[in-house]
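Please work from the sequences and hints to get the whole structure.
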Amino acid sequence: MSTPYNENITFEESAQSYLSNTQLRRNIGHATHTIRKKRATVVGEMPDWETLREAGRAIKSHMLRHLDHYLLQLEESVTRAGGQVHWARNGEEANQIVTSLVKQHGAKEVVKMKSITTDEINLNEALEKDGIKPIETDLAELIVQLAEDTPSHILVPAIHKNRAEIRELFRRTIGNKELTDQPAELADTARKYLRQKFLSAKIGISGANFAVAETGTVSVVESEGNGRMCITLPEVLISIMGIEKILPTWRDFEVFMQILPRSSTAERMNPYNSFWTGVTEGDGPQEFHLILMDNGRTNVLADEIGRQTLQCIRCSACLNVCPVYERTGGHAYHSVYPGPIGAILTPQLKGIDKKGPASLPYASSLCGACYEVCPVKINIPEVLVHLRGKIVRKKEQEGTFREKMDPEHRALKFLAKSFSSRKKYERVQRYAQRGQMFFVKNGTITHLPGKLSGWTAMRDMKAIPKESFRDWWRNR
Amino acid sequence: MNAAKEEILNRIQRALRDVPVDESIDESQLTRDYRKTGTAREENVWLFAERVGDYKAEVTKTDARHLAETINEHLARHGIKKLVVPQDIPDEWLSDDIDLLRDSPEKPLKHIQLDDSDGVLSGCALAVAQTGSIVLDSGEKQGRRVLTLLPDYHLCIVFEDQIVGIVPEAFEKLNDKMKTDGPPVTFISGPSATSDIELNRVEGVHGPRQLDVIIVVRSI
Numbered sequence: 001m002s003t004p005y006n007e008n009i010t011f012e013e014s015a016q017s018y019l020s021n022t023q024l025r026r027n028i029g030h031a032t033h034t035i036r037k038k039r040a041t042v043v044g045e046m047p048d049w050e051t052l053r054e055a056g057r058a059i060k061s062h063m064l065r066h067l068d069h070y071l072l073q074l075e076e077s078v079t080r081a082g083g084q085v086h087w088a089r090n091g092e093e094a095n096q097i098v099t100s101l102v103k104q105h106g107a108k109e110v111v112k113m114k115s116i117t118t119d120e121i122n123l124n125e126a127l128e129k130d131g132i133k134p135i136e137t138d139l140a141e142l143i144v145q146l147a148e149d150t151p152s153h154i155l156v157p158a159i160h161k162n163r164a165e166i167r168e169l170f171r172r173t174i175g176n177k178e179l180t181d182q183p184a185e186l187a188d189t190a191r192k193y194l195r196q197k198f199l200s201a202k203i204g205i206s207g208a209n210f211a212v213a214e215t216g217t218v219s220v221v222e223s224e225g226n227g228r229m230c231i232t233l234p235e236v237l238i239s240i241m242g243i244e245k246i247l248p249t250w251r252d253f254e255v256f257m258q259i260l261p262r263s264s265t266a267e268r269m270n271p272y273n274s275f276w277t278g279v280t281e282g283d284g285p286q287e288f289h290l291i292l293m294d295n296g297r298t299n300v301l302a303d304e305i306g307r308q309t310l311q312c313i314r315c316s317a318c319l320n321v322c323p324v325y326e327r328t329g330g331h332a333y334h335s336v337y338p339g340p341i342g343a344i345l346t347p348q349l350k351g352i353d354k355k356g357p358a359s360l361p362y363a364s365s366l367c368g369a370c371y372e373v374c375p376v377k378i379n380i381p382e383v384l385v386h387l388r389g390k391i392v393r394k395k396e397q398e399g400t401f402r403e404k405m406d407p408e409h410r411a412l413k414f415l416a417k418s419f420s421s422r423k424k425y426e427r428v429q430r431y432a433q434r435g436q437m438f439f440v441k442n443g444t445i446t447h448l449p450g451k452l453s454g455w456t457a458m459r460d461m462k463a464i465p466k467e468s469f470r471d472w473w474r475n476r
Numbered sequence: 001m002n003a004a005k006e007e008i009l010n011r012i013q014r015a016l017r018d019v020p021v022d023e024s025i026d027e028s029q030l031t032r033d034y035r036k037t038g039t040a041r042e043e044n045v046w047l048f049a050e051r052v053g054d055y056k057a058e059v060t061k062t063d064a065r066h067l068a069e070t071i072n073e074h075l076a077r078h079g080i081k082k083l084v085v086p087q088d089i090p091d092e093w094l095s096d097d098i099d100l101l102r103d104s105p106e107k108p109l110k111h112i113q114l115d116d117s118d119g120v121l122s123g124c125a126l127a128v129a130q131t132g133s134i135v136l137d138s139g140e141k142q143g144r145r146v147l148t149l150l151p152d153y154h155l156c157i158v159f160e161d162q163i164v165g166i167v168p169e170a171f172e173k174l175n176d177k178m179k180t181d182g183p184p185v186t187f188i189s190g191p192s193a194t195s196d197i198e199l200n201r202v203e204g205v206h207g208p209r210q211l212d213v214i215i216v217v218r219s220i
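For the record, the sequence lines run as chains A and B.
Take 1 as the starting number for the first sequence in the working numbering and just add one per residue.
Take 1 as the starting number for the second sequence in the working numbering and just add one per residue.
No lab work stands behind these hints, which were simulated from the structure alone.
All figures in this text were calculated on a predicted structure; none of them were measured in a lab.
Check the hints yourself; a few may be wrong.
[Stated by the list, open to error] Stretch-level coverage of chain B by chain A, calculated; a stretch enters the list once three of its residues show a Cβ under 8 Å from a Cβ in chain A: (1) 17-25; (2) 177-190.
[Said to hold, decoys possible] In silico EDC-like pairs for lysine to aspartate or glutamate, Cα to Cα no more than 20 Å straight-line: (3) A/Lys197 with B/Asp116; (4) A/Lys197 with A/Glu109; (5) B/Lys56 with A/Glu185; (6) B/Lys141 with A/Glu235; (7) A/Lys103 with A/Glu92; (8) B/Lys177 with A/Glu76; (9) B/Lys177 with B/Glu140; (10) A/Lys390 with A/Glu372; (11) B/Lys141 with A/Glu281; (12) A/Lys390 with A/Asp283; (13) A/Lys192 with B/Asp115; (14) A/Lys108 with A/Asp283; (15) B/Lys36 with A/Glu128; (16) A/Lys108 with A/Glu235; (17) A/Lys197 with B/Asp54; (18) A/Lys37 with B/Asp54; (19) B/Lys179 with A/Glu76; (20) A/Lys354 with A/Glu398; (21) A/Lys202 with B/Asp115; (22) A/Lys355 with A/Glu12; (23) A/Lys355 with A/Glu398; (24) B/Lys82 with B/Asp97.
Cβ coordinates follow ideal geometry from the N, Cα and C atoms, glycine included.
Structural data, given as structure tokens:
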């Protein structure tokens, strides 16, 4: 696979090329609008939706505030149930644990269910480097893998490809020449190809949607059944989860198994939810490994405002309502986490000293639609603004001379000062009223000079009137 | 304690310095104002039938007297000859001309045998009306997970008393079991599906492509 994500490209730079790709925009526009409408219907059915959201937020926030306690409890219960728990500080360590486990069992091929966490740490590349072939078994992930592409949506990774493109890909790789572009026929081709892989696989790899500290139960939710195959058929199962995926008790599922499917696939319930607790004699894998991975999550946890980002259950509802995502698609974000949640998660996981991640908090109009649909009430606009503040302060303190002298920054500083007292405000207003005469035409300003021209490129400005409200009030 | 574990726990403790040391870790104090129970029990049967039907599963209602007849009708209609069953499915449910593949802990069927079969017949632990979900917990008349996974056709028998109203009731019913045995649990809501190609729902990618449900009611 090609190296997917470049941390030195800003969102603004990469968005340009995606904006002009009309096929992509059509695919994504169609997909997001369809799912948005469906979500609204199934959410509308629930008279207690808001209280469920609040409970979801409260449970996750409580868990995060006592994360160390719950991690230890989870380790204990998984071990008691016959599983083995591993800890990984970063992606590299997690990859090492997986590859050494696979090698121990002498396997050359592993079946994988869709997991963004394994994408986050480039597990597939790490496996391939050690001569192990990872096989993606989710239909969309298979499409992405065969095309040597990268996912563009959390839930529907191949959302950027239409059926004709998929048919061509399958004809070239796993299908026969007569293949049509009927979705059912394309799915059947994948079914046949993957069934053989499932039956011969010794090792399965999965992510985890949730893990219950109290009982040690790990859960994955899915539609196709490839997840069930991965966690049931192989002799060994390895699951990788971010440390924030914990739920304190089994009962908490009563909240999350309601809000997740409705927010995610816009269904009352997705086809399959699996829950397993360690190892069960005579049923499924007889060896189970759970890897608890940090990889930047404790940095997010340390920020009191940013912390809520870790409540995320990866439903992707925020992507589907975002006016920015709808136009650029997922690839413009140069991260496994696209859309509004990616715009706050990526810079916190990777750090704001890198150009790419630091540009993401600006990939938003702050319209707030993401906050409104978030099933665990992550206040994404609040975190976006908070991160923008952090980025500006960082530039101010550690930036180059040029960054410190950034005209936008200077201008805003000047404005802040002008608004700080009545006297200053009125004086600046008078200067501006006199200075604008070169630009005013028929009471409006259509072109401002230099750096300010960006503002008038898209809109006209009303000129400052001869007499301000304050003048009029005094002279009345 | 290994180094990675120690460091992660240290990082967490540093990150959570703002959390008061005496803040309660008792999760039960959180407010849970949402519904814990659903509609009246009489409504559950028709609601469940309707909701399973929404997933393009076929739903039939029958009573205990006509159960065997209904099962065999379904099997005949789908041309099921080689049928997988967990060990405790009663013989009287099935006609003699079916080639039975009975799975038991002593003589577990091989994956390849399951893959080669035409279908599977199972019961369930409970069912949820609100979401049209069938819940399996490897208990009575269900067997191990793989039985209902590899065959292409799944016929599931649901008794009226097993249907609960809404999702919280299902998790509540499983609560004690999860705290003791912790059996594998699977929620099945319709046949396997994908929406990965242009968001068109296609039934059947990896799991059973056809799901039929027979609801056994006290009286029709």
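Evaluated hints:
1. 17-25: holds (count 4)
2. 177-190: Coverage by chain A holds for the segment 177-190 of chain B (11 residues, Cβ < 8 Å).
3. A/Lys197 with B/Asp116: 15 Å, holds
4. A/Lys197 with A/Glu109: Distance ~9 Å between A/Lys197 and A/Glu109 Cα, so the pair holds.
5. B/Lys56 with A/Glu185: 18 Å, holds
6. B/Lys141 with A/Glu235: The given pair, whose Cα atoms are some 24 Å apart, is violated under the 20 Å limit.
7. A/Lys103 with A/Glu92: OK: A/Lys103 and A/Glu92 at ~16 Å, within 20 Å.
8. B/Lys177 with A/Glu76: Holds, at roughly 18 Å.
9. B/Lys177 with B/Glu140: At roughly 14 Å apart (the allowed maximum being 20 Å), B/Glu140 and B/Lys177 satisfy the hint.
10. A/Lys390 with A/Glu372: 24 Å, violated
11. B/Lys141 with A/Glu281: With Cα atoms ~18 Å apart, B/Lys141 and A/Glu281 stay inside 20 Å; holds.
12. A/Lys390 with A/Asp283: Violated, at about 51 Å.
13. A/Lys192 with B/Asp115: Judged against 20 Å, a Cα distance of about 12 Å means the pair holds.
14. A/Lys108 with A/Asp283: 24 Å, violated
15. B/Lys36 with A/Glu128: 48 Å, violated
16. A/Lys108 with A/Glu235: 14 Å, holds
17. A/Lys197 with B/Asp54: Violated. A/Lys197 to B/Asp54 sits at ~32 Å, over the 20 Å cutoff.
18. A/Lys37 with B/Asp54: With Cα atoms ~17 Å apart, A/Lys37 and B/Asp54 stay inside 20 Å; holds.
19. B/Lys179 with A/Glu76: 13 Å, holds
20. A/Lys354 with A/Glu398: Holds, at about 13 Å.
21. A/Lys202 with B/Asp115: Holds. A/Lys202 to B/Asp115 sits at ~17 Å (cutoff 20 Å).
22. A/Lys355 with A/Glu12: 11 Å, holds
23. A/Lys355 with A/Glu398: 14 Å, holds
24. B/Lys82 with B/Asp97: 10 Å, holds
Checked against the numbered hints given earlier, this structure breaks hints 6, 10, 12, 14, 15, 17; the rest are met.
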